[in-house]
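As they're listed, the protein sequences go chains A and B.
Counting in our numbering, the first sequence runs from 1 upward without gaps.
Counting in our numbering, the second sequence runs from 1 upward without gaps.
Incorrect hints may have been included.
[Unchecked claim] Residues from chain A that face chain B, not an exhaustive set, calculated with beta carbons under 8 Å: (1) P223; (2) F270; (3) G317.
[What the hints assert, rightly or not] Covered stretches of chain B (chain A as the covering partner; in silico rule of three or more C-beta atoms under 8 Å from a C-beta of chain A): (4) 23-35; (5) 62-68; (6) 81-91; (7) 240-248.
[What the hints assert, rightly or not] Label pairs and their calculated CB-CB ranges: (8) A:M266 with B:G117: 30 to 40 Å; (9) B:S147 with A:F33: 39 to 49 Å; (10) A:I420 with B:G117: 36 to 46 Å; (11) B:I3 with A:T422: 50 to 60 Å; (12) B:I3 with A:S216: 36 to 46 Å; (13) B:G117 with A:R212: 17 to 27 Å; (14) B:S64 with A:F202: 29 to 39 Å; (15) A:L201 with B:G117: 54 to 64 Å.
To be clear, the hints were calculated from the coordinates, so they are not data collected in a lab.
Positions of the beta carbon are idealized from the N, C-alpha and C atoms, including for glycine.
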Amino acid sequence: MTDADKPARPAQKKNLFAQLEIDTRLLGMIGAFVILCLGFHFITDGRFLTSRNIFNLTIQTVSVAIMATGMVFVIVTRNIDLSVGSLLATCSAVMAMTQTFITPEVFGLGLNHPATAPIAIVVGIATGVLIGAFQGYIVGYLGVPAFIVTLGGLLVWRNVAWYLTNGQTIGPLDRNFMQFGGINGTLGETWSWVIGLIAVLFAFYSFWRNRRSKISHDFPVKPIWAEIVMAAITAVAIMGFVAVLNNYDVPRRRLQQMFEARGEVMPDGFTQGYGLPISVLLLIAVAVVMTIVARRTRLGRYIFATGGNPDAAALSGINTRLLTVKIFAIMGGLCGLAALVASARLSFHSNDIGTLDELRVIAAAVIGGTALAGGVGTIYGAILGALIMQSLQSGMAMVGVDAPFQNIVVGAVLVIAVLIDTIYRKRTGAK
Amino acid sequence: MAIDRNGTPLVEMRDISIAFGGVKAVDHVTVDLFPGEVVGLLGHNGAGKSTLIKCLSGAYQQDSGDIYINGDKVSISNPRDARRHNIETIYQTLALADNLDAASNLFLGREIVGPTGLLDDNKMEAETRKVMHRLNPNFKNFTSPVSSYSGGQRQSVAIARAVHFNARILIMDEPTAALGPHETQMVADLIQELKRQGLGIFLIDHDVHQVKKLCDRANVMKNGQLVGTANVEDVSADDLLGMIIAGKCPPGAIPGPGAIHE
Numbered sequence: 001m002t003d004a005d006k007p008a009r010p011a012q013k014k015n016l017f018a019q020l021e022i023d024t025r026l027l028g029m030i031g032a033f034v035i036l037c038l039g040f041h042f043i044t045d046g047r048f049l050t051s052r053n054i055f056n057l058t059i060q061t062v063s064v065a066i067m068a069t070g071m072v073f074v075i076v077t078r079n080i081d082l083s084v085g086s087l088l089a090t091c092s093a094v095m096a097m098t099q100t101f102i103t104p105e106v107f108g109l110g111l112n113h114p115a116t117a118p119i120a121i122v123v124g125i126a127t128g129v130l131i132g133a134f135q136g137y138i139v140g141y142l143g144v145p146a147f148i149v150t151l152g153g154l155l156v157w158r159n160v161a162w163y164l165t166n167g168q169t170i171g172p173l174d175r176n177f178m179q180f181g182g183i184n185g186t187l188g189e190t191w192s193w194v195i196g197l198i199a200v201l202f203a204f205y206s207f208w209r210n211r212r213s214k215i216s217h218d219f220p221v222k223p224i225w226a227e228i229v230m231a232a233i234t235a236v237a238i239m240g241f242v243a244v245l246n247n248y249d250v251p252r253r254r255l256q257q258m259f260e261a262r263g264e265v266m267p268d269g270f271t272q273g274y275g276l277p278i279s280v281l282l283l284i285a286v287a288v289v290m291t292i293v294a295r296r297t298r299l300g301r302y303i304f305a306t307g308g309n310p311d312a313a314a315l316s317g318i319n320t321r322l323l324t325v326k327i328f329a330i331m332g333g334l335c336g337l338a339a340l341v342a343s344a345r346l347s348f349h350s351n352d353i354g355t356l357d358e359l360r361v362i363a364a365a366v367i368g369g370t371a372l373a374g375g376v377g378t379i380y381g382a383i384l385g386a387l388i389m390q391s392l393q394s395g396m397a398m399v400g401v402d403a404p405f406q407n408i409v410v411g412a413v414l415v416i417a418v419l420i421d422t423i424y425r426k427r428t429g430a431k
Numbered sequence: 001m002a003i004d005r006n007g008t009p010l011v012e013m014r015d016i017s018i019a020f021g022g023v024k025a026v027d028h029v030t031v032d033l034f035p036g037e038v039v040g041l042l043g044h045n046g047a048g049k050s051t052l053i054k055c056l057s058g059a060y061q062q063d064s065g066d067i068y069i070n071g072d073k074v075s076i077s078n079p080r081d082a083r084r085h086n087i088e089t090i091y092q093t094l095a096l097a098d099n100l101d102a103a104s105n106l107f108l109g110r111e112i113v114g115p116t117g118l119l120d121d122n123k124m125e126a127e128t129r130k131v132m133h134r135l136n137p138n139f140k141n142f143t144s145p146v147s148s149y150s151g152g153q154r155q156s157v158a159i160a161r162a163v164h165f166n167a168r169i170l171i172m173d174e175p176t177a178a179l180g181p182h183e184t185q186m187v188a189d190l191i192q193e194l195k196r197q198g199l200g201i202f203l204i205d206h207d208v209h210q211v212k213k214l215c216d217r218a219n220v221m222k223n224g225q226l227v228g229t230a231n232v233e234d235v236s237a238d239d240l241l242g243m244i245i246a247g248k249c250p251p252g253a254i255p256g257p258g259a260i261h262e
């Protein structure tokens, strides 16, 4: 054996995925997602994987996915938040009231004033943070289990929203505010390409930086071909996503209206793709920030340590009570952000906004690999979980599955996903 | 090795009491510790030795009594305060977060951050490799979570965490309870090494032979009270057992409030 002559070389028997340093669980989830999409695509005679449907899928997923990233932190620390759907409703109600009543009538700002949307958003997110922190305080400092506190919250905040708005639908919302809803606010083709390119360059830079840092500490690094493969996959994925969204054209009539509004005449044969929705950009920003928090900050380290062993965390000097408050505050803030997206997408606040979202959010986090026993979970997993849930739901609707069966399937998939994950973890010995 | 007990003790826990719901877990206990000394704390389960020492490590706060470090009265109300006074603890449960790797556990609560305020994981791992290499050269498993480690490897991580941050006072709660003979010897060697460096060590143990071997002095507790304190050379293993079981203070020991008067 020639290998024996080179004892300094590390073991070469790693499989392909190990060399690429790809998480096999992530790969499994992506695989399930791809099979799901291809299946629907086949059954619907090619209507599922169209630009239009992918565009719609992504904007429908955003609200739940934003909350799911926060739910990861909540579940990782062995808590649960059943109040997110109701909290979303309260935040949405507050934002709607702010922009239709407070800014125009109390502050005297006119309709669609540029300051209206920022004020409403800040007020809405602050509401979420405050309510979340309050619930976290009851859990962390007063010792009431999160399940009970947020089960109470589920009733309380749903009906606070009702009370605030007298149960009325409030709309239409501010024009700038509605930009965050999805189809009402997209970047257009050029800017989408620019953003995509920036994302690719940033990904390359972080790959390079990580490699350089590892080399500087004499750690083993992946072979250069593996780095290139990963970089290429990342670049293709990002640019492919942008290409798909750019491919979905704005309807002719709407374009004509836009030109008319500017007093111009639309040239013949002019087309324009929607491009990246601002709401999706918001989700990506949330995902990046939350991933950095989870992996690269003390807060994230403490969240995972507390989830893994609360006693050890406390004995290491971590203030686990304050940590609980922070986690629920983050969750609340993300509910505010999700409320922005959800109400902007509807273009009004309705009394039942976010109903049952708590279940979708928890399911997304759990399907995405967050363990209810605590200590384990990823942000990207939760987002992928949300995407899988939404694809399943809208795919079945497209196929024409009856509504009761849709919910039966979604419920069964949740249980089966966790079962598969449990078996996988036993097999691989991972915790 | 001679220990100078004429100067100021490194630690003095004076007249410490703590009660839980009417039960006096620790009842007016006074113990001290000098630099370069290993002091054993012996007693049955529930004798109060762990509770007493948790007042020093910040996990509990005493109801009455004072703690002096180098002669200065200090207030220790949480584990961070203890760490600030260079008091490090190796808990019986090891207090490791099983889902994190060795480096994350070693630096838990004391992470190294870069200029941007983000964690510098590579630097922490590099430091961990250095520390673990000194402590347990067989240790290779740096990137997987602690849950996949053997008992001895987990113990190594817990010990590394205690000794890496310039501990002056080390508390070891049954450090060898879960270890094999080889690893027990490793801990014994480490204790000698730390003694030479002038650390003071509180060692909690049930095993009188272990205490006779590793400690310079032993405190025996029973029902929350101090039975007595002895130089381990002045008493036999049976004497220590008698103190633990019956609360009888032998002639070679200094009796405490918990000693039975015959």
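Going down the list of hints, with the structure as the test:
no., hint, in the structure
1, P223, "violated (17 Å)"
2, F270, "violated (45 Å)"
3, G317, "holds (4 Å)"
4, 23-35, "violated (count 0)"
5, 62-68, "violated (count 0)"
6, 81-91, "holds (count 3)"
7, 240-248, "violated (count 0)"
8, A:M266 with B:G117: 30 to 40 Å, "violated (50 Å)"
9, B:S147 with A:F33: 39 to 49 Å, "violated (29 Å)"
10, A:I420 with B:G117: 36 to 46 Å, "holds (38 Å)"
11, B:I3 with A:T422: 50 to 60 Å, "holds (55 Å)"
12, B:I3 with A:S216: 36 to 46 Å, "holds (44 Å)"
13, B:G117 with A:R212: 17 to 27 Å, "holds (20 Å)"
14, B:S64 with A:F202: 29 to 39 Å, "violated (59 Å)"
15, A:L201 with B:G117: 54 to 64 Å, "violated (23 Å)"
Violated hints, listed in ascending order, are 1, 2, 4, 5, 7, 8, 9, 14, 15; each of the other numbered hints is respected by the structure.
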